[in-house]
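Chains A and B are the protein sequences, given in the same order. Residue 1026 is where the first sequence starts when you use our numbering, and the numbers rise one by one after that. Residue 1026 is where the second sequence starts when you use our numbering, and the numbers rise one by one after that.
Take these hints with a grain of salt, some might be off.
List of simulated lysine to aspartate or glutamate pairs, EDC-like, C-alpha gap at most 16 Å [claimed, not checked]: (1) A/1032 with B/1132; (2) B/1244 with B/1177; (3) B/1276 with B/1349; (4) A/1276 with A/1349; (5) A/1276 with A/1347; (6) A/1244 with A/1318; (7) A/1276 with A/1336; (8) A/1244 with A/1175; (9) A/1032 with B/1131; (10) B/1244 with B/1318; (11) A/1032 with B/1128; (12) A/1244 with A/1347; (13) B/1244 with B/1352; (14) A/1276 with A/1352; (15) B/1032 with A/1132; (16) B/1032 with A/1131; (17) B/1032 with A/1352; (18) B/1276 with B/1352.
Just so you have them, the derived chain B footprint on chain A, three or more residues with Cβ under 8 Å [as the list claims (entries may be wrong)]: (19) 1030–1044; (20) 1129–1136; (21) 1152–1164.
Over the 10 Å line for every Cβ pair with chain B, so calculated as not near, a few chain A residues [to be verified]: (22) 1175; (23) 1257; (24) 1279; (25) 1326; (26) 1341.
Just so you know, the hints here were simulated from the structure itself, not pulled from any lab data. Even glycine gets a Cβ: it sits at the ideal position worked out from N, Cα and C.
There are 2 protein chains.
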Amino acid sequence: MDNRPIKDVGENRVVSRFRALASGTLGSEIVVGPGDDAAVINPGQGRLLLLTCDMMVQDVHFRWEWASPHQVGWKAMVQNLSDIAAMGGEPTAAVASLAAPGDLSEEVAAGIAEGLVAAASRYGTALVGGDLVGSPGPVAVDVAIMGWVERERLLLRRGAGPGDALLVTGHLGAAAAGLAAREQRLEEAEGSLLGEAIRAHHEPHPRLAEARAIASTAKATAMMDLSDGLADDLPRLCQQSGVGAHVRSEKIPLARECSLVASRLGLNDLRMAVSGGEDYELLFTAPPGAVGEIQAALSDLGDRRATVIGEIVEEEEVIVLDADGGEMALGKGFDHFAGPATERNDD
Amino acid sequence: MDNRPIKDVGENRVVSRFRALASGTLGSEIVVGPGDDAAVINPGQGRLLLLTCDMMVQDVHFRWEWASPHQVGWKAMVQNLSDIAAMGGEPTAAVASLAAPGDLSEEVAAGIAEGLVAAASRYGTALVGGDLVGSPGPVAVDVAIMGWVERERLLLRRGAGPGDALLVTGHLGAAAAGLAAREQRLEEAEGSLLGEAIRAHHEPHPRLAEARAIASTAKATAMMDLSDGLADDLPRLCQQSGVGAHVRSEKIPLARECSLVASRLGLNDLRMAVSGGEDYELLFTAPPGAVGEIQAALSDLGDRRATVIGEIVEEEEVIVLDADGGEMALGKGFDHFAGPATERNDD
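Kindly produce the complete structure, drawing on both the sequences and the hints.
Written out as structure tokens, the structure is:
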């Protein structure tokens, strides 16, 4: 028996314990249980079914002083859409639960619903149900989503092999820059790039088209979405694949928003990009010989691209090497239960 | 624009607004969207897919002074299993989100997880994923569940026709009696029947076997589960079917626990049974000529049975007639946003 609070024993330990409990419920039709971006279920009819959920809580994941109700709803849906993308799948239907204090105005509640609906519609997903419940506490929005993926396109966190190239789509750090700009009260009026950063933080987009393009090549070996940041997420992919990774820091594609905000605040932009979460870009691996084909599939979408930022190694270590060959220390993971309640603790 | 709080405009109005918004997202593969016990999705491969969610919040749906963590997890899962039952379906997989303050002990969190897992296992459902998030507020547990139903076994709230018999499985009022016993601080030691009532309130069971037996006859015309109580739920079934119902109060099968607790507290047992929620019995309709076949299917399960409590009428009115032919007023619906925060406001 351990009666210590979650904030002392740590989120990871509690999650591990939950997963161990849940593993006893998994029958043969469950291809992948807890621990990946989404669970994978085989209904025995060709395609595989994906199921996942993600919750957002006021004063932990968002603040009303910074985010509109529409943005809160939008982001709650996008987090889930992104998890379906990360499996190589296509989202179909979502349900959303909203816990709200009785003194929340109808307009704020409707704004959250409008944001949920806008993101679902934008990405071809139906909002098919939900639950509205009262709460004496903060607003909480929980979305559960299901989707489908063809067996040959399914991409898990496990599957990366030594020698594989490590890639990310797009650029990193814009969302972290937006959060930093909010926290440090940089004024949006300072420039449109700052506005872009703040928008990246509040109104992210899932990389569904990119994920489908990558999955359609059937050449990638592992994939996940960057929801907590490269420093946290890459070790998870490596751990599940039983491998390590060497990242070349100068290869990491920095968002211009990130460089701007970091310089304005006297911070290291690379560190901001690596440790900041919520970019929802895709992190994936592929044999070096398949990178060209994957890039071609992405460029068919327009200006989308992926960047090789390092390689998978056999040693179970995750190292970011700077331009001089030195090791850059990775930031500590985001723990919902540690530290002050901010939108995202990116320390 | 209406800036009034939810508790003033009422839960029903906010839910209606959410449903109207969500309806814009429903494509042709969505057979049933928001408003039934679960959504129905047609993946185009024979069986229909069911998806629903239900949230429980500390001090609204449960109190730690009355319920153990295991009971909270159990009930959160059972609510969802019951919604799949209400469609005539079989549950397959669930995901669960837990919002918890950092000072919640690991043991309490694990107890909730154990309850979720126990109910899932008991009813052949896999717990395939979840989300653990911090919260400055009360514990909230949200479960989303998916399942399957053959097209010919699908039972919606709509479908009841004038002349149909109205039936309920089992007995009503045990859970309401358990809640009343808790609220009025009746001692469990007073008798084992009281313990049964309290157990009915905290450890309900979904009527999955009964629902499958009823659905397998393909004779029932509409069905739902009694989660908020007959007084609230029957009008919903009638509204969706565009019909009314006349209930004969003396036909309503009262749980013995309900009669005991009501008499102990000087309350009307019939009113307690009709207005109390969380029995999770099934309310359904069928042509009078099919009742015998349905009863036979239920009795094949052992001592399970359903009782004819009235009939469906064309007039869109829901009336409970007492033994003298007088009308009994139905209690007001449970609104999560009105009244004091108790486990269940059954007034």
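**OP:** Report holds if the minimum CB distance from residue 1279 of chain A to chain B is greater than 10 Å, and violated otherwise.
**Re:** holds (29 Å)
Original post:
Are 3 or more residues of the segment 1129–1136 of chain A near chain B, judged by a Cβ distance of less than 8 Å?
Top reply: holds (count 6)
Subject >> Non-interface label on residue 1175 of chain A, tested against every C-beta of chain B at 10 Å >> reply: holds (13 Å)
**OP:** For the pair supplied as a hint, residue 1276 of chain A and residue 1352 of chain A, confirm whether the alpha-carbon distance does not exceed 16 Å.
**Re:** The given pair, whose Cα atoms are some 14 Å apart, holds under the 16 Å limit.
Original post:
For the pair supplied as a hint, residue 1244 of chain A and residue 1347 of chain A, is the alpha-carbon distance within the 16 Å limit?
Top reply: violated (29 Å)
Original post:
Given the hinted pair residue 1276 of chain A and residue 1347 of chain A, is their alpha-carbon gap at most 16 Å?
Top reply: holds (10 Å)
Original post:
Is the straight-line distance between the alpha-carbon of residue 1032 of chain B and that of residue 1131 of chain A 16 Å or less?
Top reply: holds (9 Å)
Original post:
CA of residue 1032 of chain A to CA of residue 1132 of chain B, is that 16 Å or under?
Top reply: Within the cut-off at roughly 13 Å; holds.
**OP:** For the pair we were handed, residue 1244 of chain A and residue 1318 of chain A, check the Cα-Cα distance against 16 Å.
**Re:** holds (8 Å)
Subject >> No chain B beta carbon within 10 Å of residue 1257 of chain A's >> reply: Non-interface label stands for residue 1257 of chain A: nearest chain B Cβ at 15 Å, farther than 10 Å.
Subject >> Proposed proximity, residue 1318 of chain B with residue 1244 of chain B (alpha carbon, max 16 Å) >> reply: holds (8 Å)
**OP:** Would you check the hint for residue 1244 of chain B and residue 1177 of chain B, treating anything up to 16 Å between C-alpha atoms as holding?
**Re:** With a Cα-Cα distance of about 10 Å, the restraint between residue 1244 of chain B and residue 1177 of chain B holds, given a limit of 16 Å.
Of the numbered hints listed earlier, those contradicted by the structure are 12, 13, 17.
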